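S.K.: Turn these sequences into a full structure, and let the hints steer you where they fit.
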Amino acid sequence: MHLLVQSIGFGVAAGAVLSLGAVGFTLQFGISNVLNIAYGALMSIGAFLGLFMLGLGLNIWVAMVLGGLAVGACSVLLNRGLITPLVRKGMQPFGLVIVSVSAGIVLEYVIVAVAGPATQSYGNLSGATLNFLGWTLTTAQVVIFGIAVLLMVGLHLLLTRTQLGRAMRATSSNRTLARSCGIATSRISDIAWFMSGTFCGMAGIALAITIESFDFTLGSIFLIPMIAAAVLGGVGQPYGAMIGGLVVGVVSSVSSAYWDPAYQSVVAFGIIIVMLLVRPRGLFGSSSATRKLLA
Amino acid sequence: MRKALVIPVVGVMAVVAGCGSSTPSGNAIKPGPINIGVVAPFSGPAAEFGTLISAPCYAATDLINQAGGILGHKIQCTPVDDTGDPADAVPNVTRAIATISNFDLAVGLETNTAATTVPLVNKAQINMVTTNGLTNYDTTTYKYFWRLTPADDANGAAMVQFAYNKGYKKIAVVFENNSTDTGNTPGIEKAAAKLGVKLLTNTTIPADASSYSSVASTVVSEHPQAIIFDADPQSTATFLSNYSQLTNGKLPPMITATDSLTPDWYQAVSKAVGTNFIFNQVDLVGSYFSTTTPAFYTYRSALLANPKTHALADTLASVGPPASIYDGINVMALAMLMAKSADPTVYNSYVNQVVTPKSGAVVVDSYAAGKKALAAGKKIQYVGVLGAVTFNKYHNFAGAFAAARFTGSTTSRNAAIMPGSEISKLLG
Chain A
1 MHLLVQSIGF GVAAGAVLSL GAVGFTLQFG ISNVLNIAYG ALMSIGAFLG LFMLGLGLNI
61 WVAMVLGGLA VGACSVLLNR GLITPLVRKG MQPFGLVIVS VSAGIVLEYV IVAVAGPATQ
121 SYGNLSGATL NFLGWTLTTA QVVIFGIAVL LMVGLHLLLT RTQLGRAMRA TSSNRTLARS
181 CGIATSRISD IAWFMSGTFC GMAGIALAIT IESFDFTLGS IFLIPMIAAA VLGGVGQPYG
241 AMIGGLVVGV VSSVSSAYWD PAYQSVVAFG IIIVMLLVRP RGLFGSSSAT RKLLA
Chain B
1 MRKALVIPVV GVMAVVAGCG SSTPSGNAIK PGPINIGVVA PFSGPAAEFG TLISAPCYAA
61 TDLINQAGGI LGHKIQCTPV DDTGDPADAV PNVTRAIATI SNFDLAVGLE TNTAATTVPL
121 VNKAQINMVT TNGLTNYDTT TYKYFWRLTP ADDANGAAMV QFAYNKGYKK IAVVFENNST
181 DTGNTPGIEK AAAKLGVKLL TNTTIPADAS SYSSVASTVV SEHPQAIIFD ADPQSTATFL
241 SNYSQLTNGK LPPMITATDS LTPDWYQAVS KAVGTNFIFN QVDLVGSYFS TTTPAFYTYR
301 SALLANPKTH ALADTLASVG PPASIYDGIN VMALAMLMAK SADPTVYNSY VNQVVTPKSG
361 AVVVDSYAAG KKALAAGKKI QYVGVLGAVT FNKYHNFAGA FAAARFTGST TSRNAAIMPG
421 SEISKLLG
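Residue numbers (our numbering), protein chains in the order written: chain A, 1 to 295; chain B, 1 to 428.
Mixed in with the good hints there might be a few duds.
Covered stretches of chain A (in silico footprint by chain B; criterion: 3 or more residues with CB under 8 Å from a CB of chain B, positions within the stretch not fixed) [unchecked claim]: (1) 125 to 136; (2) 189 to 197; (3) 245 to 258.
Calculated directly from the structure, the hints in this document are not laboratory data.
Note that this is a predicted model, so its numbers are computed, not measured.
All C-beta atoms, glycine included, are put in the ideal place defined by N, C-alpha and C.
M.R.: Listed below in C-alpha cells is the structure:
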C-alpha cells in the first residue's frame, strides 16, 4: 500500500510537467488546427535557454519565466514565418505536419550547432525532500506542481472570464464565424502560439530540473507522452490535457512499481488506447475537435 | 621446344589462379590508400561514440604510415556513420561497401547496430574488428568476424565477481532496456548463482523517462549492499537523483561498465549527485590491460601525438574496446604483410598466424617492429596493448577483467584485476 501511495505521488510530480507541456500543445492546436511536431524542439530550446540564464546567474524560477516567454516568441516566429504562409498557400494539414517535423529537426540541430551535442545539466536544484501524505517529493517537484496548477487556473480564468478568452474559444470553435463577428483571428492565433510556446518553454525547463540532465533531444523524447496526454484529455481541451498529463504520469509510475519498469510506457499507452476506444473524443473532448484532428 | 610449351601453360595457370583469388566484392587492391571503415555513430545522440572509436584507428594508422604503410599503400580511417540505429546503419554501410575503394577492413560495428552491420560486412568479405558485445557472436561462424573484447555476458559475470570480492552478498541489478546493457544479465545471473550472491531487484528501465522514482523506491526498500547499474548518462542521472531523494542523499556503491567512462556520463552524474559519489562509490568493470607495457606506451604516445585524438588520450587509455581496435588494426595490417595482399579473402587466413605463439617467433609489440621482423624473414607473434591474444575457433578473444575507479572526469585507475579464466568458469 505504501508503495502504491508513493508511486501515485511520483506520478503526480512527473505528470505535472507533462501537463504543462500538454496544455501548451493542445491550446495551440485548438486555435490553429496545426499539429505542431516542432513543439518538442521548442521545448529543448527552452531547456537550453534555462541553462544559459542560469549561467548568467539568474534564479532558476526567474529563468523559467523568462525562458518560457522567449520560447513563446520563437513559437510566434515559427507560426508567422513558416506555418501561416504555408496555410495561406493552401497546404493541407498532413503537409503542415511534415513541415513541422522538418522544422523540429532543423531547430534541434541549431541547438547542437550552438550548444553542442553533449549532455547538459542545471545541477541539483531539487532542494530538500518533503514527506507528506505518504508521498516523498522534492521541493522543486512541489514548486513545479504549484506552478502548473497556477498556470492552469490562470488559463481557466483567461478562457472563461476575459474578452480575449472568449475570442480564443470562438476562434477555436469556428474560425470563419469568429472572423465574420469581428474577431481578429490572426491576432488570436498569434496569442495562442505565444501562450503555447510559453507553456512549452516552461515545461522544457521544468523537465530539465526534474530529470537532472538533458541534451538536444529532450523535447523529442517527451513529445509523444505529451501528445498522448493531450489526446487523452480531448484534443484542443486545456483542462483535458492537464488531467491527461496526470493520468499518463500516474499510470506510468504505478505500473513501473508493480510490473517490469521497461514496459511502463506500454502500460500507459495501452490504457490510453482502451480509454479512447471507450471514449474516442477523449476525457473532455468535443466531437468537433476530434473531427479537426482527423480532417 | 619444351620452353615454348611451358610459357603458355604457366600463363594459363596464372590466369586461372588469378581468377580463383578474385572476389565477388572486388576486394583486390587498387591504387590509392587502404581504407579502414570506422562503422560507428557519427551523428545523433550517440555521436560521441564515433569520435571515441575513431581515435584508436587514427593512432594505429598514423604509426603504420610512419612505418612505410602496407605493401606500398598508405592506410586511412574512413568514418561510416551507422547513427546508432539499425534502420540507418543498413543503407549507410551498404553504400560504404559499394563506394569506398580498397575497403579492406572495418572496425567498430558496435552493439546497437551489430546485428545488421556484421552480416553485411561479412557478406562483402571484408575483415572486421568489432567492439560489439552481443553474446550471439560468441559462437559465430562468420569468417571475417574478429573480436578482441569480451561479450557482455562475460562482463556481467565479472561485475558479480567483483561485487563478491568486495564482500557484497545482496545486490540489486538495474539496466537500461537495450541490447548493450541487458546483454550483461545472463552472465550476472549465472555468476550470482555460482558465487551465492543474492540478486534482489533485477530489472530494466526505459531510457530517458521523466522519473524512475518507483523503481528506485523498490530498490531502496530491499536495502542492497551495492547496485549493478548501467544506462545512458541522462537516465543514470535521473535514477540516482530519484534514489537519493528517497534516502536523504545516501547512495549505495555502484558497479557499472567501463562504457560509463565518458565526459557525458561524468557531467550528468556529477551534476546530479556530486563528484564524491563518482570518485568513491563507482566501480567501472571492463577488460583489463596493463598500462606499463611498451605497447601501451606506443599506443598512448600515438594518441597524444595526433591533434584529433590528443584530448581523448587519457580516456581511451583506460578503456578496453578502443585498445582492441588499435591492436586489431595492427594484427590485420601484419596479416596483410604476411599474406602479401590487402585482399581480405587472402589475408584473413593469416590473422591467427600473427598472434599465435610459435617456436622461434619474434615477439613484436607494434606494426613497425612486426614489419621489420617479417622483412628480415623472421616469424612473429604480435603482443600488443591487450597482451597476448589467443583467438578461439569463433574468432573471439576475452582476456582478463579489471574494476577501475574514476580519477578525473574521463580517467580511471585499475583497482582490482580478475583473470579471464575465473570469469569463464562462472559462465561455464
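S.K.: All hints are to be evaluated individually against the structure, with a verdict given for each.
M.R.: Hint check:
1. 125 to 136: holds (count 3)
2. 189 to 197: violated (count 0)
3. 245 to 258: holds (count 6)
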